[in-house]
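Since the structure of chain A is provided, determine the placement of chains B and C on it from the hints.
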Amino acid sequence: MGLMKRFIGFIKKEFYHIFRDKRSLFILFGMPIAQIMLFGFAVTNEINNVDIAILDHSKDVTTKEIINKISASKYFSVSNYIRNEAEIETAFKKGKIKAVLVFEKDFSKKIGKENIATIQVIADATDPNTANTISNYTSAILQKYQQEINTTIKIPYQIIPKTRMVYNPELKSVFMFVPGVMTIILMLVSAMMTSISITREKELGTMEILLVSPLKPSQVIVGKVVPYIFLSIINAVIIVLLSIFVFKMPIQGSLILLGIESILFIITSLSLGILISTISASQQTAMMISLMALMLPTILLSGFIFPITSMPVVLQVISNIIPAKWFIIILKGIMLKGVGLSFVWKETLILVIMTLFFIGLSIKKYKIRLE
Amino acid sequence: MKEEAVIQVENLTKKFGDFTAVNAISFEVKKGEIFGFLGANGAGKTTAMKMLIGIYKPTSGNAQVASFNVYKNPNEIKKNIGYMSQKFALYDDLTVKENITFFGGIYGLSRSQIKEKTAQLIEELNLQETVNQLVGTLPLGWKQKISFSVALLHNPKIVFLDEPTSGVDPITRRQFWEMIYETANNGTTIFVTTHYMDEAEYCDRVSIMVNGNIEALDTPKKLKKQFNVVTMNDVFLKLARSPSLTLPFGKGVKND
Amino acid sequence: MLPIIFVLPIIQLIILSNAATFEVKNIKFSYIDNDKTSFSRELIEKFDASSYFSVQTDFPSTKLASSAMLNGEVDVILEIPQHFERNLLKNRITDLAVTINAIDGAAAGVENVYINQIIQRFNKNAQTELITPFDLINIPKNIVSIPSFWFNKTLNYKTFMVPGILVILVTMITLFLSGMNIVREKEIGTLEQINVTPIKKHQFIIGKLFPFWIIGMGLLTIGLIIAKVLFNVPIVGSVGLMYLYTGIYILVILGIGLFISNFTDTQQQAMFISWFFAVIFILMSGLFTPIESMPQWAQHLTEFNPIRYFVEVMRMVMLKGSDFNDILPQFLKTLFYAFIMNGLAVWSYRKIA
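Protein chains in written order, with full-length UniProt numbering: chain A, 1 to 371; chain B, 1 to 256; chain C, 1 to 353.
Same shape as in the complex, but just chain A (with noise of 0.2 Å):
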C-alpha cells in the first residue's frame, strides 16, 4: 500500500496536534518575534547613556568644556553634581549613578603652569564591564580634548591608527545577536518540541498502538519529525526576513547555503530531541532535560551573548561539544562574513557528525528497549 500516503495522513494528524493547540503555537511563532524584537531594539551590550555625576572643586573653564564634552558623547549623560567626596558612596547606594568624576581644585590654572591636572573617574565596578568601558571612554575624550587644546604645538612622532570595523561597520549589537536568537530558535522548536511530542505518545500510550502497526518505528519517528522541520524552516525564514527589513541587517553571503546550513542544523536539533524522547519516559522530564540541559548551555557557552575566548579553559573546551556554537559561527560567516562552503566546511562536517552520531545512539537506545 502506499507508504506515502500512510505518511501523509501520519504528518496531517502531528499538524492537528500542533495546531490546535493554540497557547503552544502562539509561544512557537510569539518567541522568535518577542526575542528577535527585543535584541534589536532593546536589549544591547554596548554602553549608552550611562548616568554619571560631577564633583567639582574647580568650576572653571576648563572643566565647563570637559564637562560639556562628556555630555555630549552619547556614552554618558551628566544627571548629577554633587558637593563633596561623601555624597559618593550615597549615590551609589542608591543604584543610579554608575561614575563620579573629580575634577581637582585649580584644574585650568594647574594645566596653565603645570601643563598637567589630574580627573578621577571613581566608577561603581559592581558591574565590571560597565566600570572598565567607563573608564576607557572618559580617557578617550580626554585624549581628544587634549589634542584640541595641543593644536599650537606640534606634538612629535605620531602613530595614527586607521580603524576599520569589518563585517558590521555601525557596530550595531543586533547583528551578532541575529545567528544567536536563530540559533535558539531553531534548538527550541526542533529538539524541545519534538522529544515533548514523542514522550507525549509514550504517556498516553498511542505509541504502544503505533508500535503493534506495520509502521516501522523509524517511521514512526520520521513522521513524527517532518512537521517541526516545517515549522522550524518557517521560523527561520522570519528571523531571516525581520533582520533584512527590520534590521537592516545584510546578507552577504549565499541564500542558498544559509538554507542548506539551517536545515543541517534543524535535523541535529530533531536527532538530539529524538535522543531526549528514548531516555525520558514522561514529558516532564523531557521539558526539564531540554531546559536545563540543553537551552541554557545552549544559550551559554555557544558564543551567543558571551564571548568563549574569554571564559576559563574548562568551559572553553566544554563549548565545543554544543552543537549551537558550530552553527553559530557558520551563520556569522554566511551572514555577515559573506564566506562560502569553503570557509565553513570544517563546522558543517561537525554538524553532520554530531547528527550521525545523535542518531546513531538513538537507534542503540531504542533496539535495547525493544529487546
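Simulated from the structure, these hints should not be mistaken for laboratory data. Please read these numbers as outputs of a predicted model, since none were measured by experiment.
Derived coverage of chain A by chain B (criterion: at least 3 residues anywhere in the stretch with Cβ under 8 Å from a Cβ of chain B; other residues may be distant):
#1 16–22
#2 204–218
DEER-style ranges, computed between Cβ atoms:
#3 C/V7 x A/K216: 35 to 41 Å
#4 A/E104 x C/D48: 31 to 37 Å
#5 A/L25 x C/F339: 31 to 37 Å
#6 A/Y366 x C/V7: 24 to 30 Å
#7 C/H83 x A/K94: 54 to 60 Å
#8 C/K25 x A/L241: 35 to 41 Å
#9 A/K94 x C/K25: 29 to 35 Å
#10 C/D265 x B/N228: 52 to 58 Å
#11 C/I340 x A/K365: 45 to 51 Å
#12 A/K105 x C/S238: 34 to 40 Å
Partial selection, computed: residues in chain C whose CB lies under 10 Å from chain A:
#13 D104
#14 Y157
#15 R184
#16 W275
#17 F276
#18 M294
Backbone N, C-alpha and C fix where the C-beta goes; we use that ideal spot for every residue, glycine too.
Chains B and C alone, transformed into the frame defined by chain A:
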C-alpha cells in the same frame, strides 16, 4: 469448526537480565476463540502479550501468530492483528473521525475503505452526534468502544485486548462484552487480559499466569471443577496464594 | 524531581558564573609587518606583552590575513606599512592600518580602545627616546585620568554575575514549580477531588504554595553560601534584608505561576508560557546587559519587571551594603506587585474552580 490454531506458543521465554519475566510458556489459541489471559500484576502476562504483538523480542522459545513466526515475520503479524491498550489510546485532541481516518491510514486502508468504515461505525455505535467532537470530550465508555472499533478497522485475524474494561462502569462493561462476542462470532479471535474475574467467566478458555508460568489453562467450567470452587475468583485466589503448584493444595503453604 | 530542584541550579550557578562574562580578553590578534625594522618589532612586542591580546602567527600578505579573519582565526589585524620607521623618524608621522572584526560591536569598541591605548603608550615612549632639545620647549598639556573602581577593585566579573544568576535560579525554579503544579492536578483530575472537600480555596492555595516558598528560600541560602565560599563574593550588606526582600519577591513569582497555571490546560503549555515570560523578563532585567543602555520606552517597560528589582536589590545589598532606605523604592514596588499578582491568581482560581 474452531479447530485451526491461530496462536501457537512453545516454551516462550523472556528474560530481563537475571530476571525471568516469562518462563517457557506453551499454549494454543483456536480461531474464533475468546481466550482469557489472566494473572496478577507482575505475573508476566503483559510481557507475554507484548512478545506476541511484536513489541518485545523473545529470549528463547517459539511462537506463531496468525501463522507467522514472531522472529521471522513480525511485520506480517502486525498487519494481521489488532491491539487495544488499557489506556484506550486514541488522540484526545483529534475528533472521532480524524482518529478513525488516521488509524485506518496507518493500516493502509484506502480512502474509500476508510469512508465506508467510518459510515459503518457511525451507524453501529450511534456516533452521528459525536463524530466531529474531540475525543478528549467524550466519556470513558465511548472512548473504549471507539478504541475497540478502531482496533478492528483493518479486519484483523486476532485482536489483542489489554485490560480493556479497566475503569469502566458495569453497564458499559456488559455492552462491551457484547461487542466482543459479536466480533468472535464473525470469526475474529480475541486474546484478552483482564483483572475482573467475572469477565473470565465470559471467555471460552482462560489461562492463569503466576510468576512467569502458566499454572492453569482450560475452560472456566473445568477449572472451577478442578479446583472445586464456585467462581473463577476463587480459582484465581487459590492459584495466586499457592507458592508452588507442584505441591497439593493446602500443604504447600510453607513460607510466609 | 529533587535533584532537578536543587542540584541542577547549583551546578548552573557554578558554571554560569564562570561563563557569563563580557570581559574582552584573549583577543585573537595578528599582524602583517611590511617594514620589519626595530620600530615595527617593538610595536608588535607591546601587543604581545598586553594581557588582552593573544598574538597568533603573522601573515605575509593582506590577502592571507583577511582569509584568516573570514575563517574566524583572528579578530584583529594590524598592518604595519612599508617605511614605517623611516616615515616616523623623518616626517614624525605615520599611518597604521587596523582591522577589527566588529560582529560583536561592543567587544569591537573595547578592542579599539585597547589598541589605541597601546599605540598611545608607544608614541609616548618613542617621544621620550627620540626627543630632541628643540622639542623640550614645547611641553604638551596633559590631562591625566585616574580610574578607581569601588566595591570591586579587581573588576572581578564573578562578583557581578553571582548575585544575578542566583536571582535567575530562585525565580526560574519557583516559577516553573508553581506554574506546573496546579495544572498538573488539573490534568490528573485531583483538583476536582480537592474542590469537593470542605477546605477553603485560600487555604488550599497557601498549602500548595508554601512548600515552594520554602524551596525558594532554601535555594537562596545555598546560593549565598556558594557565593561566599566558592566565589569569595563579598557580602557587605545585611543578610536579613536580603531574606526579607526575597521572601516578598518569591510571593510575586508564586502569584504569577499560579496565574499561569489557572489559564492553561496542560503542563506543557504552562511550561512554555512560564518559559516565554521568564526569558523576556530576564533579558529585560539588567542581569546581563545594562538597562540604562536601552531606549527610553524599553526602560519604562522594565519598571513592570519584578526580576529587575530583585537583581538590583541583590547587587545593591550584597555588594554595596545598601540599607533598607536605599532599596525602599524597589521594596515597595515588589510588595505592591505581590498583592496584585496574588489577588489576580486567587481571583482567576475561583473562576476555574
